[in-house]
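*Asks:* As a plain string of letters, each chain reads:
Protein chains: 2
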Amino acid sequence: MRKNSNIEDVAKLAGVSISTVSRVVNKSSTVRASNRICVEQAVKKLKFKPNLIAKALVKGKSNTIALVMPRYEGIFYSYYALEIIRGIGTICESLKIDLLLHITHPNTNLNLSNVGGIIFAEVLSERKQLEEAVALNIPTVAINNLIKDLAVSCVTINNKQGAREAVDYLLDLGHRDIAYISGGNLTQAAKDRTQGYKLALAARKIPLRGEFMIEGDYSRKSARDAAEKLLSLKNKPTAIFVASDDMAQEAISVILEKGLRVPDDMSIVGFDDNPSSIYGAVPLTTIRQPLMVMAQTAVKELDLLMNGEGKISRICLPTKLIIRDSCLPR
Amino acid sequence: MRKNSNIEDVAKLAGVSISTVSRVVNKSSTVRASNRICVEQAVKKLKFKPNLIAKALVKGKSNTIALVMPRYEGIFYSYYALEIIRGIGTICESLKIDLLLHITHPNTNLNLSNVGGIIFAEVLSERKQLEEAVALNIPTVAINNLIKDLAVSCVTINNKQGAREAVDYLLDLGHRDIAYISGGNLTQAAKDRTQGYKLALAARKIPLRGEFMIEGDYSRKSARDAAEKLLSLKNKPTAIFVASDDMAQEAISVILEKGLRVPDDMSIVGFDDNPSSIYGAVPLTTIRQPLMVMAQTAVKELDLLMNGEGKISRICLPTKLIIRDSCLPR
DNA sequence: CTTATTTTGTCTAAAAAGGCAGAATGTCCT
DNA sequence: AGGACATTCTGCCTTTTTAGACAAAATAAG
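Chains as they are written, first to last, in our numbering: chain Y, 1 to 330; chain C, 1001 to 1330.
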């Protein structure tokens, strides 16, 4: 078991003190050129890499952030959650931040003592972990949840407004019987979208119909069941707003299987702008949310907090209605 | 900024030495009952949690493992990759192992110096990271790649055999014109499945047809394109083996959209046993791979290696043909 | 009271960073 | 050129937190 070389080995080989090596490696203050070259050569020769554990111990903080995600299937497998993981993962790699992944039940205790910051990808109704992080004074960012009562930075989109835009679009096309397949009520985002749907109808004084509002959970299965339920109604809707593109695609499949046409017989609007929505059987009209930007913003805000340079911020990024081929005027 | 209490604070409050506190916390040797109680109370009162960074430094190894995944979209969003992440994440949580996630380009340098072990979820053809891990003597487990030339434990399924079973099933049903939608050639698993397809046909002396073998990349889009290509052939196949359930579901959608029936006009076999395959338009016949068991096994093997108790092992878990409704005899 | 056993505390090690003092070099003036 | 002073470098030592070897103290047994 070959031991990694440490800073002392480098110092000996270069004929300087440990401090000087540290200074060269961390570019912290000026070192005479000749010494710097010596040290750099020694570093290269010994393949020296600073021990991040020791570094973290001395500095009193680590360069590690934790990403906390709920483990529920529907949510975890949504394009949204995955793109957030992938986005944050990619950005952390380029910023040389270590990313600890906690896929967890929301009221489990996390061991947060060796983490420099935390991103909550979804804060569910049990906020125990979030509150604990704040109590421990760990810089924290929440994605897609506006947390007003805690010292937590938030990166959100306006889900309510986005949903409303989707439904308004259908209304403007003349639809009045607009159904809704929701993302459940575990996440704030899902709840906000439901709110947006209700508000849009209310603004035009269209009464809500219970049989038009079906609860999904972001899984394809739930969307299939929901779509079948809607299609079996005596008074079918003429349009459906679906809380995610994945679910919208599944709904379209169901409709096509029943021999109906999209958008001729049924208009559909999704939410996400999942890249595969461009290519499916019917290119999907949807609400785009800038997931990569959200991930990037979250990591950047957290980085600022961790370096003591930032303060709690609430950032709301814009959504956009993307019109493709899944809607037709009524 | 309240500082976390450290072991010294506990020692003072309990009126004992640091060592005694350490002994109580780590249950390492006998401590007089009265003292143990004192210490336990002090721990509770001060909410003492051992600083894992210091612990890792002293012990010379951390309780952290890294999960390395390629960032390519098709692979990353496959049910397979996700279930592996979720499985490993869940198991690490219950074993109190910290999970570092590296979503990375396969020839990027990883900083592995503060990691106790590594799991490679997919080893692509560039094996740089894998070789580096081995060179640094870091315990390593590869999932779904049989690495014979390096000291790496492997947890695999027999992809070749599984694929062969799928195609044999179609052959036994009387099909002779069997097409294949692959998962590309970035992963060993995908390549092995292609091998299995070829072997099954070769065993029955059925010549391979180039136009029947279409390369996908685990994305739904690629499956849609592939299915459309197959359906536009003059001599259509009577059955398709698809390298993942996600892609198989998309292929079924395409077939139904064209007004053909599954399984009446086209038999389909998938690979994965993705839970949503039970519920789609046509419950899917598929090859089940035990993803949760794979994840668990990988973590357990790694844990053994990290504790010096295990040795390099090659574990192959069984697949199983699950017959549902997407195939009919020819 | 001696020997054996249990329990406890002291001290060092682990790796790197940074304050501080001192060494080396440079600048300026006479 | 030589001395006074400033500036730039450098090394020593301490700090961070915990684990564990070892020796010392306390207790138990005979």
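Hints are computed from structural coordinates only; laboratory data are not their basis. Incorrect hints may appear among the rest.
Below, a list of computed lysine to aspartate or glutamate pairs in the EDC-like style, where the Cα atoms sit at most 20 Å apart [what the hints assert, rightly or not]:
1) C:K1044 / Y:E131
2) C:K1221 / Y:D325
3) Y:K47 / C:E1132
4) Y:K49 / C:E1131
5) Y:K148 / Y:E132
Here are some chain Y residues the structure puts well away from chain C; computed CB gaps all over 12 Å [as the list claims (entries may be wrong)]:
6) I18
7) V31
8) P50
9) K59
10) S62
11) R71
12) E73
13) F76
14) S94
15) V115
16) K148
17) I214
18) K221
19) I252
20) I278
21) K320
Here are some of the chain C residues that sit facing chain Y, going by a computed Cβ distance under 8 Å [what the hints assert, rightly or not]:
22) N1051
23) H1102
24) I1138
As the structure is a prediction and not an experimental result, all values here were calculated from the model. Virtual Cβ for every residue (Gly too), placed ideally from N, Cα, C.
*Asks:* Does each hint fit the structure? Answer for all of them.
*Replies:* Hint-by-hint comparison with the structure:
1. Between the alpha carbons of K1044 (chain C) and E131 (chain Y) the distance comes to roughly 19 Å, so the proposed pair stays at or under 20 Å and holds.
2. With a CA separation close to 17 Å, the supplied pair K1221 (chain C) and D325 (chain Y) stays within the 20 Å bound.
3. Proposed proximity of K47 (chain Y) and E1132 (chain C) is supported: the alpha carbons are some 12 Å apart, at most 20 Å.
4. For the hint pairing K49 (chain Y) with E1131 (chain C), the CA-to-CA distance comes to about 17 Å; that is within 20 Å, so the pair holds.
5. For the hint pairing K148 (chain Y) with E132 (chain Y), the CA-to-CA distance comes to about 16 Å; that is within 20 Å, so the pair holds.
6. Every CB of chain C lies more than 12 Å from the CB of I18 (chain Y), the least distance being 16 Å, so the non-interface label holds.
7. With a closest Cβ-Cβ approach of about 23 Å to chain C, V31 (chain Y) is found to remain outside the 12 Å limit, as its non-interface label requires.
8. A Cβ of chain C approaches the Cβ of P50 (chain Y) within 12 Å, the least distance being about 8 Å, so the stated non-interface status is violated.
9. Some Cβ of chain C comes within 12 Å of the Cβ of K59 (chain Y); the nearest lies about 10 Å off, and the non-interface call is violated.
10. Listed as outside the interface, S62 (chain Y) is inconsistent with that label: its C-beta sits roughly 6 Å from the nearest C-beta of chain C, within the 12 Å cut-off.
11. Distance to chain C contradicts R71 (chain Y) as a non-interface residue, since its nearest Cβ pair spans about 6 Å, not more than 12 Å.
12. A beta-carbon of chain C comes within 12 Å of the beta-carbon of E73 (chain Y); the shortest separation is about 8 Å.
13. For F76 (chain Y), the shortest C-beta to C-beta distance to chain C comes to about 6 Å, within the 12 Å cut-off, and the non-interface label is violated.
14. Annotated as non-interface, S94 (chain Y) brings its C-beta within 12 Å of a C-beta of chain C; the closest such distance is 9 Å.
15. With 12 Å as the threshold on Cβ separation, the claim that V115 (chain Y) sits away from chain C is violated: the shortest Cβ distance comes to roughly 9 Å.
16. In this structure K148 (chain Y) is separated from chain C by more than 12 Å, as the shortest Cβ-Cβ distance comes to about 23 Å.
17. Interface exclusion of I214 (chain Y) from chain C stands, the closest Cβ pair being 16 Å apart, more than 12 Å.
18. K221 (chain Y), annotated as away from the interface, has a beta carbon of chain C within 12 Å; the closest lies near 5 Å.
19. At roughly 9 Å, the least C-beta separation between I252 (chain Y) and chain C is not larger than 12 Å, which violates its mark as non-interface.
20. Remark: the non-interface label on I278 (chain Y) conflicts with the geometry, its nearest Cβ contact in chain C lying 8 Å away (cut-off 12 Å).
21. Distance to chain C confirms K320 (chain Y) as a non-interface residue, since its nearest Cβ pair spans about 21 Å, more than 12 Å.
22. The criterion of a C-beta within 8 Å of any C-beta in chain Y is met by N1051 (chain C), whose closest approach is roughly 6 Å, and the hint holds.
23. For H1102 (chain C), the shortest C-beta to C-beta distance to chain Y is roughly 7 Å, which falls under 8 Å, so the interface hint holds.
24. At about 10 Å, the closest approach between the beta carbon of I1138 (chain C) and any beta carbon in chain Y exceeds 8 Å, and the interface hint on this residue is violated.
In terms of the numbered hints stated before, the structure departs from hints 8, 9, 10, 11, 12, 13, 14, 15, 18, 19, 20 and 24, listed from lowest to highest.
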